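J.: Following the hints, position chain B against chain A.
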Amino acid sequence: MTIRLLLTLCFLTSPLCLAGSKIIATGGASNIEGSAGGGIVPWAVINGYGSSGEWAATAFATQVGVDDFTLRVQGASVSYDNNWEWSFARQTFSLDTIGGELRQDVFGVKYHLAGELLYTAMPQLSLGVQYKKHRDFALPQAVGARDNSGVDLYLAASKVLFDQVAGRNLLLNATLRATKANQTGLLGFGNSNNNDYQLVFEGSAALLLNYNLALGVEFKQKPNELAFANEQHWRDIFAAWFVNKHLSLVAGYADLGSIAGLDQQQGYYLSIEGAW
Amino acid sequence: MRFSTMLAIPLLCSLLVSSCSHNTAPSLYQQLGGADGIAAITDGLLREIEQDKRIVHHFADTDIDRFRTLLAEQLCQLSGGPCVYSGGTMQESHTGFNISLADYDALVEGLIKVMQQQQISISAQNQLLALLAPMYKDISYR
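Protein sequence lines correspond, in order, to chains A and B.
Take the first sequence: its position 35, counting from 1, is numbered 35 in our numbering, and each next residue is one higher.
Take the second sequence: its position 139, counting from 1, is numbered 1139 in our numbering, and each next residue is one higher.
Please keep in mind that the hints were generated in silico from the structure rather than gathered at the bench.
In this text, all values refer to a predicted model and were calculated from it rather than measured experimentally.
Watch out, some of these pointers could steer you wrong.
[Unchecked claim] Sample of chain B residues lacking proximity to chain A, with all beta carbon distances greater than 12 angstroms (derived):
| no. | residue |
| --- | --- |
| 1 | Leu1070 |
| 2 | Cys1083 |
| 3 | Tyr1085 |
| 4 | Thr1089 |
| 5 | Ser1093 |
[To be verified] The following label-pair restraints were derived from C-beta to C-beta distances:
| no. | chain 1 | residue 1 | chain 2 | residue 2 | range |
| --- | --- | --- | --- | --- | --- |
| 6 | A | Lys133 | B | Ser1027 | 53 to 59 angstroms |
| 7 | B | Gly1088 | A | Thr120 | 20 to 26 angstroms |
| 8 | B | Ser1027 | A | Leu127 | 39 to 45 angstroms |
| 9 | B | His1057 | A | Leu127 | 32 to 38 angstroms |
[To be verified] In silico DSSO-like pairs for lysine-lysine, Cα to Cα no more than 30 angstroms straight-line:
| no. | chain 1 | residue 1 | chain 2 | residue 2 |
| --- | --- | --- | --- | --- |
| 10 | B | Lys1053 | B | Lys1113 |
| 11 | B | Lys1113 | A | Lys159 |
| 12 | B | Lys1137 | B | Lys1053 |
| 13 | B | Lys1137 | B | Lys1113 |
| 14 | B | Lys1137 | A | Lys159 |
For each residue, glycine too, the CB sits at the ideal point set by N, CA and C.
Excised from the complex, chain A in its bound form (with noise of 0.2 angstroms):
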């Protein structure tokens, strides 16, 4: 709704959507989390298309389908000088065939430690943290979760390389990151017996048709540690099209593997970004 409205009056009021240099498509979508990136995994790019010197800020919309639950969330973030990102995202999953619904907020910095995704041999590497505060706690708490907050660190490395595969060019995107959340949070963080940091890896590639869409695979290792039901690991592939540097929409088809018990959750992925 706000989105709308805001996309309504971006189109007509041009001065409102100033779009900053940076190349299209180069700003990457908003993952689930908020984050500059793929579809699940945030990447070493800063969200929208500001460059140096320049503001940016973005809102979407993400809808993700599997056969037992269905993930909403909505965000925004504003970006400065493609260096800092502050996102925001709000997630509710619900529990289509359990019934219910756990919703959790990720708040999102991102900073942009080195090198430039087109211009230096040397991949953008950033730095991101995200804290994740869970709204419906009584739920992962019964199934053995220690908290209802967590802190993700990450360390994105993203770089397109020129004329790689058809005389398309071609995105590479890998993230290390340290958490302690079960399903990405919304299961909550910990569990009664570990409270450890896992290092998790995730990665994504995507190739670049043209200026305006990209198709891409993504991979997310998660942790697994909740002993009533087994955790694994996300993939999906995608399809991204950067309308213009306001409005762009990703279509995916997302494998969420077991969740709660529940085998096998496959399904859509849908996102709508709008950015100025």
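T.: Showing chain B alone in chain A's frame:
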């Protein structure tokens, strides 16, 4: 059987030879349209710069005719064409301009727009960007 083999071998040979002799892929210079194509890209980019409030001030004191000649030479040489770039190094020619990341992005965006207008293949565009992108470190913040 033997007869067909005897026929097939020279046929195969001649095919291989002819495919070899025609196997030289067009150079990037050719894909950009040769001298005419590069002149069009250069002029298009100059028009983009002229209309781009973000970066046009950097060219306030530039001798545009000289800049046009040097840019065309550079694109020609970079893309494998029969030219020799006669200008200074990228570091020398950008010192004092303090070209920012945003400036560089703006110029690349202008170049992409021009290449799209010239209907240069996405592959050739990316090959040229691959050659120009690394110059960022020599051009920026000097």
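J.: Each hint needs a verdict: does it hold in this structure or not?
T.: For each hint, the structure was consulted:
no. : hint                                       : verdict
1   : Leu1070                                    : holds (21 angstroms)
2   : Cys1083                                    : holds (22 angstroms)
3   : Tyr1085                                    : holds (20 angstroms)
4   : Thr1089                                    : holds (17 angstroms)
5   : Ser1093                                    : holds (18 angstroms)
6   : A/Lys133 <-> B/Ser1027: 53 to 59 angstroms : holds (58 angstroms)
7   : B/Gly1088 <-> A/Thr120: 20 to 26 angstroms : holds (22 angstroms)
8   : B/Ser1027 <-> A/Leu127: 39 to 45 angstroms : holds (42 angstroms)
9   : B/His1057 <-> A/Leu127: 32 to 38 angstroms : holds (34 angstroms)
10  : B/Lys1053 <-> B/Lys1113                    : holds (16 angstroms)
11  : B/Lys1113 <-> A/Lys159                     : holds (22 angstroms)
12  : B/Lys1137 <-> B/Lys1053                    : holds (23 angstroms)
13  : B/Lys1137 <-> B/Lys1113                    : holds (23 angstroms)
14  : B/Lys1137 <-> A/Lys159                     : holds (16 angstroms)
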